[in-house]
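*Asks:* Each chain, written out:
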Amino acid sequence: MMTDPALPFVRRPDAARRVLIVDDATLVRLFYREALQAAGFEVEEAINGIEAMEKVLSQRFDLLVVDVNMPKMDGLALLRALRAQAEVASVPVLVTSSEAAEHDVAAARAAGANYYLVKPISQEDLVLYSAVLTGAPA
Amino acid sequence: MARDIPGQPASDTVAVTDAEFERLCAFLYRRSGLSYGETKRYFVERRLRDRMAATGARSFQAYFGKLATDPGEVERLINAFTVNETYFYREEHQFRCLTGSLLDRIVARKPAGSPIRIWAIPCATGEEPYSIAIWLLENWPKVDEWDIEIIGSDIDTRVLKAAEAGLYSTRALMRLPEVLVAKYFRRTPAGFLIDEALRGSVRFTRANVVDAAEMGRYRGFDVVFCRNLLIYFDEVSRRQAAENIYDSLEPGGYVCLGHTESMSRISSLFRVRRFPEAIVYQKPAAPDDD
Amino acid sequence: MPLVRREPGKPQPDAGTEAADLRSADPERRRRAVRGLGRALDRNPEAAETLTGLLATEPDPTVREAILSSLVGHHDPRTAQALLPLLRSQDAGLRNGASEALQAMPDAVRPHLPGLLADDDPDVRILAADLARGLPAREASALLCDMLDRETHVNACAAAIDVLAETGTPDALGTLRAVAGRFPGEPFLAFAVSVAIARIEGSGG
Numbered sequence: 000m001m002t003d004p005a006l007p008f009v010r011r012p013d014a015a016r017r018v019l020i021v022d023d024a025t026l027v028r029l030f031y032r033e034a035l036q037a038a039g040f041e042v043e044e045a046i047n048g049i050e051a052m053e054k055v056l057s058q059r060f061d062l063l064v065v066d067v068n069m070p071k072m073d074g075l076a077l078l079r080a081l082r083a084q085a086e087v088a089s090v091p092v093l094v095t096s097s098e099a100a101e102h103d104v105a106a107a108r109a110a111g112a113n114y115y116l117v118k119p120i121s122q123e124d125l126v127l128y129s130a131v132l133t134g135a136p137a
Numbered sequence: 000m001a002r003d004i005p006g007q008p009a010s011d012t013v014a015v016t017d018a019e020f021e022r023l024c025a026f027l028y029r030r031s032g033l034s035y036g037e038t039k040r041y042f043v044e045r046r047l048r049d050r051m052a053a054t055g056a057r058s059f060q061a062y063f064g065k066l067a068t069d070p071g072e073v074e075r076l077i078n079a080f081t082v083n084e085t086y087f088y089r090e091e092h093q094f095r096c097l098t099g100s101l102l103d104r105i106v107a108r109k110p111a112g113s114p115i116r117i118w119a120i121p122c123a124t125g126e127e128p129y130s131i132a133i134w135l136l137e138n139w140p141k142v143d144e145w146d147i148e149i150i151g152s153d154i155d156t157r158v159l160k161a162a163e164a165g166l167y168s169t170r171a172l173m174r175l176p177e178v179l180v181a182k183y184f185r186r187t188p189a190g191f192l193i194d195e196a197l198r199g200s201v202r203f204t205r206a207n208v209v210d211a212a213e214m215g216r217y218r219g220f221d222v223v224f225c226r227n228l229l230i231y232f233d234e235v236s237r238r239q240a241a242e243n244i245y246d247s248l249e250p251g252g253y254v255c256l257g258h259t260e261s262m263s264r265i266s267s268l269f270r271v272r273r274f275p276e277a278i279v280y281q282k283p284a285a286p287d288d289d
Numbered sequence: 000m001p002l003v004r005r006e007p008g009k010p011q012p013d014a015g016t017e018a019a020d021l022r023s024a025d026p027e028r029r030r031r032a033v034r035g036l037g038r039a040l041d042r043n044p045e046a047a048e049t050l051t052g053l054l055a056t057e058p059d060p061t062v063r064e065a066i067l068s069s070l071v072g073h074h075d076p077r078t079a080q081a082l083l084p085l086l087r088s089q090d091a092g093l094r095n096g097a098s099e100a101l102q103a104m105p106d107a108v109r110p111h112l113p114g115l116l117a118d119d120d121p122d123v124r125i126l127a128a129d130l131a132r133g134l135p136a137r138e139a140s141a142l143l144c145d146m147l148d149r150e151t152h153v154n155a156c157a158a159a160i161d162v163l164a165e166t167g168t169p170d171a172l173g174t175l176r177a178v179a180g181r182f183p184g185e186p187f188l189a190f191a192v193s194v195a196i197a198r199i200e201g202s203g204g
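Protein chains in written order, with numbering that gives the first Met the number 0: chain A, 0 to 137; chain B, 0 to 289; chain C, 0 to 204.
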């Protein structure tokens, strides 16, 4: 995989916020993409934690929306890898999961999630929390 | 060219609907990481029609059903999407990564006197391992301070014979600067013959990357180039291959995949590493280091 | 001459296949032992249970991966049987690893699928829906429709619809329309159903 040599060094306040959707379900990614794009976000997708790491390390993102259950590298493993890698450690992560039990939420918090939404989530909630976590203008 | 069958629409008149295009793209992305959108529709449809014609599928449904159950057809379809040509200095950014980032990290923890070991699998007719040799001689300032072993392996013994012979067409050399062609090749009536010393410095062997027992003799590599191979394998084979490559590497060693390939569809064994020149994958070293 | 030509090496004996190495403190030794056992699975199918038994307690991800990769290529009904309980693990890595391995052995999973798709635990049903991906389209479509007809959990429905959108056949259309009607307050489900229906209806050619 090639990296993008033209990463912007500076982001202007009016620049679109970039969101990486990490979920192995095709329709979930499509649902989130439509909502976020309509709200002015730029969107990229990844099918699991490894593809997310590939993209996070080669492009700038203001937010990751991450599912927990994914093949090869699940959402919590992705969170731990992100938080351990200095140059991307501070990117906010919104975890979205079908698992609603207290131990699931606690595990996500321990791995470094900024917020946790139980699936299914509405497009309004996704846009709202994405705006809050990226500091995008309302 | 597609053959017209009487009573059947010629394959290039079969319309691919939006829904079919989306289903195929979703399948390709999940299965291989190849990602195509509406802007690539013509490109995708042309290859799809070719494969439908070649398999005698009369409808998208018939062909798509075949994909779900026939890994061989998945391989042929992906092959139609990825131009699998081999030539000198192909995917040069990875060679730049090798000399710009990887080798310095490798020698920093290597005891003096032990060799640097690089493996190209599959090596096909030898362009890649010879490219690595030329690139190192031309671009790595420490090339004289270290012993470097380069091994090229392939499952196909016919291509290995060609690799050992080291005879190439102009086409294979198209990306190589003329000065390097003049320096490392001799023009013969049969084509360009690679320099004798270079030919003697790369060892070619037959190896099946999926076979664990056979791969047991390949150990202690610092860098493995495994480009444009695993994308064709099914889930079981690509996992076995990744396990074997992992075991062939030194701790902290690196894997370079082809530019359309992603480890995300293959294995979780490796760490994603980003260097200025390329993304590569690393076998973690203990303790956590760079 | 800096470039030197050497033989790649001698074939290594099957070192580390001793049972004791499976309990070694060194993950590298455990990995070797696991891979040795994996290579012998055809001769010694009982080893599949030994390997899955280790999964639950194995802390090292590279050893876990070796165990799962060994089992994936071994389409024995006993292997599937041994992996199934892991779908209930509280460890996300473990349940996803098991799910992925099972997906690659459709013939061994087939007899268990109707039961899994009707499991009491919705999280198991969600993973089970994904397992149907490995089956031929018509068979997967029928199984997922059976599930959807009585499914009450919205995320389990979503998981089944995701598979149907990719591989579902026209027989699924009636079920899909009915599902949307049963969850009027769930916009995601309405969206998923509409995409799935459009993709199935539009793929008739």
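Quick caveat, the hints were computed from the structure, so don't treat them as lab data.
A few of these clues could be false.
[As the list claims (entries may be wrong)] Pairs of lysine to any residue residues, derived as SDA-like cross-links and limited to a Cα-Cα distance of at most 20 Å, are as follows: (1) A:Lys118 to C:Arg181; (2) B:Lys65 to C:Pro105; (3) B:Lys160 to B:Gly199; (4) B:Lys65 to C:Arg137; (5) A:Lys118 to C:Pro105; (6) B:Lys65 to C:Thr168; (7) B:Lys182 to B:Lys160; (8) B:Lys39 to A:Leu29; (9) A:Lys118 to C:Ser193; (10) B:Lys39 to A:Glu44.
*Asks:* Next, verify each hint and record whether it holds.
*Replies:* So, going through the hints one by one against the coordinates:
| no. | hint | in the structure |
| --- | --- | --- |
| 1 | A:Lys118 to C:Arg181 | holds, 18 Å |
| 2 | B:Lys65 to C:Pro105 | holds, 16 Å |
| 3 | B:Lys160 to B:Gly199 | holds, 14 Å |
| 4 | B:Lys65 to C:Arg137 | holds, 12 Å |
| 5 | A:Lys118 to C:Pro105 | violated, 28 Å |
| 6 | B:Lys65 to C:Thr168 | holds, 14 Å |
| 7 | B:Lys182 to B:Lys160 | violated, 23 Å |
| 8 | B:Lys39 to A:Leu29 | holds, 18 Å |
| 9 | A:Lys118 to C:Ser193 | holds, 19 Å |
| 10 | B:Lys39 to A:Glu44 | holds, 18 Å |
Of the hints listed earlier, those the structure fails to meet are numbers 5, 7, in rising order.
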